[in-house]
Amino acid sequence: MSQLTYASIDQTILNTLGPPKKYYWAIVAVLFLGVLIGGACWVYQIFVGIGVGGQNNPVAWGTYLINFVFWVGIAHSGTLISAILHLFRAGWRNPIARAAETMTVFAVCIAGLFPFIHLGRVWQVYYMLPIPNHRLLWPNFLSPLMFDVIAISTYLTVSTLFWYTGLLPDLAAVRDRSQGTRKKIFKFLSMGWTGAHDQWRHYTRGYLFFAALATPLVISVHSVVSWDFALGITPGWHTTIFAPYFVAGAIHSGLAMVLTLMIPLRKIFRYEKIITSDVLENVAKTIVFTGLIVGFAYATEFFIAWYSQNIVEMESFRWRAMGDYQLEFFIMVVCNTILPLFFLFKNIRRTIPLLFGISLFVNLGMWYERFVIIIGGVAHGFSPHAWGLYRPTGVEYGILIGSFCLFFFLFLLFTKHLPSVSMTEMKETLEHGGSHAG
Amino acid sequence: MQGKKYIMGIFKDEDQVVSTLAALKETAYKFQRVHSPIPSHKIMAALGLKKSKVGYFTLVGGILGLISGFALAIFCSTRWNLIVSGKPIISLIPFFIVGFEFTILFAVFGNVIGLLTQARLPSFKEVEYYDPRCSGEHFGVLAACEPMQQDGLKDFFQQNGGEVKVFE
Numbered sequence: 153m154s155q156l157t158y159a160s161i162d163q164t165i166l167n168t169l170g171p172p173k174k175y176y177w178a179i180v181a182v183l184f185l186g187v188l189i190g191g192a193c194w195v196y197q198i199f200v201g202i203g204v205g206g207q208n209n210p211v212a213w214g215t216y217l218i219n220f221v222f223w224v225g226i227a228h229s230g231t232l233i234s235a236i237l238h239l240f241r242a243g244w245r246n247p248i249a250r251a252a253e254t255m256t257v258f259a260v261c262i263a264g265l266f267p268f269i270h271l272g273r274v275w276q277v278y279y280m281l282p283i284p285n286h287r288l289l290w291p292n293f294l295s296p297l298m299f300d301v302i303a304i305s306t307y308l309t310v311s312t313l314f315w316y317t318g319l320l321p322d323l324a325a326v327r328d329r330s331q332g333t334r335k336k337i338f339k340f341l342s343m344g345w346t347g348a349h350d351q352w353r354h355y356t357r358g359y360l361f362f363a364a365l366a367t368p369l370v371i372s373v374h375s376v377v378s379w380d381f382a383l384g385i386t387p388g389w390h391t392t393i394f395a396p397y398f399v400a401g402a403i404h405s406g407l408a409m410v411l412t413l414m415i416p417l418r419k420i421f422r423y424e425k426i427i428t429s430d431v432l433e434n435v436a437k438t439i440v441f442t443g444l445i446v447g448f449a450y451a452t453e454f455f456i457a458w459y460s461q462n463i464v465e466m467e468s469f470r471w472r473a474m475g476d477y478q479l480e481f482f483i484m485v486v487c488n489t490i491l492p493l494f495f496l497f498k499n500i501r502r503t504i505p506l507l508f509g510i511s512l513f514v515n516l517g518m519w520y521e522r523f524v525i526i527i528g529g530v531a532h533g534f535s536p537h538a539w540g541l542y543r544p545t546g547v548e549y550g551i552l553i554g555s556f557c558l559f560f561f562l563f564l565l566f567t568k569h570l571p572s573v574s575m576t577e578m579k580e581t582l583e584h585g586g587s588h589a590g
Numbered sequence: 186m187q188g189k190k191y192i193m194g195i196f197k198d199e200d201q202v203v204s205t206l207a208a209l210k211e212t213a214y215k216f217q218r219v220h221s222p223i224p225s226h227k228i229m230a231a232l233g234l235k236k237s238k239v240g241y242f243t244l245v246g247g248i249l250g251l252i253s254g255f256a257l258a259i260f261c262s263t264r265w266n267l268i269v270s271g272k273p274i275i276s277l278i279p280f281f282i283v284g285f286e287f288t289i290l291f292a293v294f295g296n297v298i299g300l301l302t303q304a305r306l307p308s309f310k311e312v313e314y315y316d317p318r319c320s321g322e323h324f325g326v327l328a329a330c331e332p333m334q335q336d337g338l339k340d341f342f343q344q345n346g347g348e349v350k351v352f353e
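Residue numbers (my numbering), protein chains in the order written: chain A, 153 to 590; chain B, 186 to 353.
No wet-lab data here; the hints were simulated from the structure.
Some hints could be false.
To be verified - Here are the simulated DSS-like pairs of lysine-lysine, each with C-alpha atoms no more than 25 Å apart in a straight line:
1) B:Lys-339 / B:Lys-236
2) B:Lys-190 / B:Lys-310
3) B:Lys-197 / A:Lys-425
4) A:Lys-419 / A:Lys-568
5) B:Lys-215 / B:Lys-235
6) A:Lys-339 / B:Lys-350
7) B:Lys-310 / A:Lys-335
8) B:Lys-350 / A:Lys-335
9) A:Lys-568 / A:Lys-339
10) A:Lys-336 / B:Lys-235
11) B:Lys-235 / B:Lys-339
12) A:Lys-339 / B:Lys-310
13) A:Lys-498 / A:Lys-173
All chains should be built: construct the whole structure from the sequences, respecting the hints.
Below you can see the structure in the form of structure tokens.
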């Protein structure tokens, strides 16, 4: 960090907003094609019916719910980095905070699509809103699915406002260094920000409250998501450990996605002096921590199933490890708890290709964790006569691919049109080592 | 204020700004504001600013949110007085989740309203007496003086290590 100056920070970050090369647009076009494939699969499902997916009786919750939980989880590390680490005054989060917050906003948007996709008759989605309707029915707030509607929409609103507030001083910096149409656009977006002392006085205070409010929110959101399962009596779901287990898992997957995004971003935009190896190493250390919590949760579930001596619960967990989905279980355990332990070795933490590779495996493992929990729960319930299996169909894979393409498509557009690293917070790191201290 | 001259001292160093602000207090020149690329504790302390009132907006938003969340859940529940799974029509524990989420949501709305109203944003008119470098690597101290004191104020900023920008 010592070689950085205010001017070099501005220069490095503003250079990323220059006209993109052809290969950028080529990648954007490929991703957009993926989005169209996903969109086409959804349209096909709307016309033909939800039966084109692999959902069946008893597995009524398939990949759409897996994707929903996965993307909400990805979102969580963005808030951990921007809000929780801000409150802890962890200066190392500054170079990656903006990109992580952006990741949060996009991931929540994509997660929010999946209940719509899962709904089948998507035009009836307004039944979930507490508005007067012709059936004179109102949502039942005893249902955890209604908690989810409230929690996810609150999370999307709060994280978007938090992201935009953090962006304001940087939008003004871009405005002051632009000409023509771009200047006009950024003048509008920056809302007249000038960095006057009175603006900063209110801004730092407001930012602190944002962080203080986002912190309990992020914990509540994935707890609420976990209660979608835990409040049901399905074996494998009905446990009190679910809320902390899901929150830790969410942050685990989100941090892995941060590495997956930051490592190429750092290379392409030559951010090596800003997103240093130390920053990536700190993310890797945090992944070890969350991986241990997740591993502990896996072990606790098995222990409690044995300790309860409840035959249904014991069978559920025996089948989880040794049944039809043992491969998925194996992927989950290895990718989420064993591979992250390699980050205990300093030379692995500081080897970029290994960091990147393990982060991809953690992403994969966390997707399979949701598969094991969601599918494994309903496929092997109380009654052996009602046991069943589930495999996703091509339509579901198409929508899954579409969701990933949409995420990377939005992120790629963001990196070339808005500052992907917070210039203000980087400058603060030089002065104070912290950020927006209010 | 008509007839006054507005002059900005532009500095590269936060500490120079702090010492200039201290020195400015001892003069007859009228301090206007400081523009900076970062929120600076040292500058805030040198100006002796009071705490922002944004928190009151946040608090009011939070209280309204808590009441609204519970009210919404109770209202919806009492529209259809059917006991489900033996749970009371008004079940405070599950409704607390709705109340909690609304508390956060409305507190954030209050926070944003507080921030916008207190910092007087958005403002789309051209800012008077502003230097674009102040969003980059410079700090600008704006002061006003009588036309006859103009040279003195320029000298003052230069002596404190700043570059001078005179606004016409």
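*Compare the distance between the alpha carbons of Lys-190 (chain B) and Lys-310 (chain B) with 25 Å, and conclude whether the hinted pair is satisfied.*
21 Å, holds
_25 Å limit on alpha-carbon distance, applied to hinted pair Lys-235 (chain B) and Lys-339 (chain B)_ = 29 Å, violated
*asked:* With the threshold set at 25 Å, check whether the alpha-carbon distance from Lys-568 (chain A) to Lys-339 (chain A) stays at or below it.
replied: 18 Å, holds
*If you draw a straight line from the CA of Lys-197 (chain B) to the CA of Lys-425 (chain A), is it 25 Å or shorter?*
22 Å, holds
*Within a Cα-Cα threshold of 25 Å, do Lys-310 (chain B) and Lys-335 (chain A) meet the stated pairing?*
14 Å, holds
*Straight-line alpha-carbon gap Lys-419 (chain A) to Lys-568 (chain A), limit 25 Å*: With a Cα-Cα distance of about 14 Å, the restraint between Lys-419 (chain A) and Lys-568 (chain A) holds, given a limit of 25 Å.
*Assess, step by step, whether the Cα of Lys-339 (chain A) is no farther than 25 Å from the Cα of Lys-310 (chain B), and give holds or violated.*
This hinted pair holds, its Cα atoms lying about 10 Å apart.
*asked:* Run the distance test for Lys-350 (chain B) versus Lys-335 (chain A): straight-line Cα separation, threshold 25 Å.
replied: Judged against 25 Å, a Cα distance of about 23 Å means the pair holds.
_Distance restraint between Lys-336 (chain A) and Lys-235 (chain B), which requires alpha-carbon spacing of 25 Å or less_ = 34 Å, violated
*Pair hint Lys-215 (chain B) and Lys-235 (chain B), alpha-carbon separation not exceeding 25 Å*: Holds - the C-alpha atoms of Lys-235 (chain B) and Lys-215 (chain B) are around 19 Å apart, at most 25 Å.
*asked:* Given the hinted pair Lys-498 (chain A) and Lys-173 (chain A), is their Cα-Cα distance within 25 Å?
replied: 36 Å, violated
_Check the hint pairing Lys-339 (chain A) with Lys-350 (chain B) against an upper bound of 25 Å on the C-alpha distance._
23 Å, holds
Of the numbered hints listed earlier, those contradicted by the structure are 1, 10, 11, 13.
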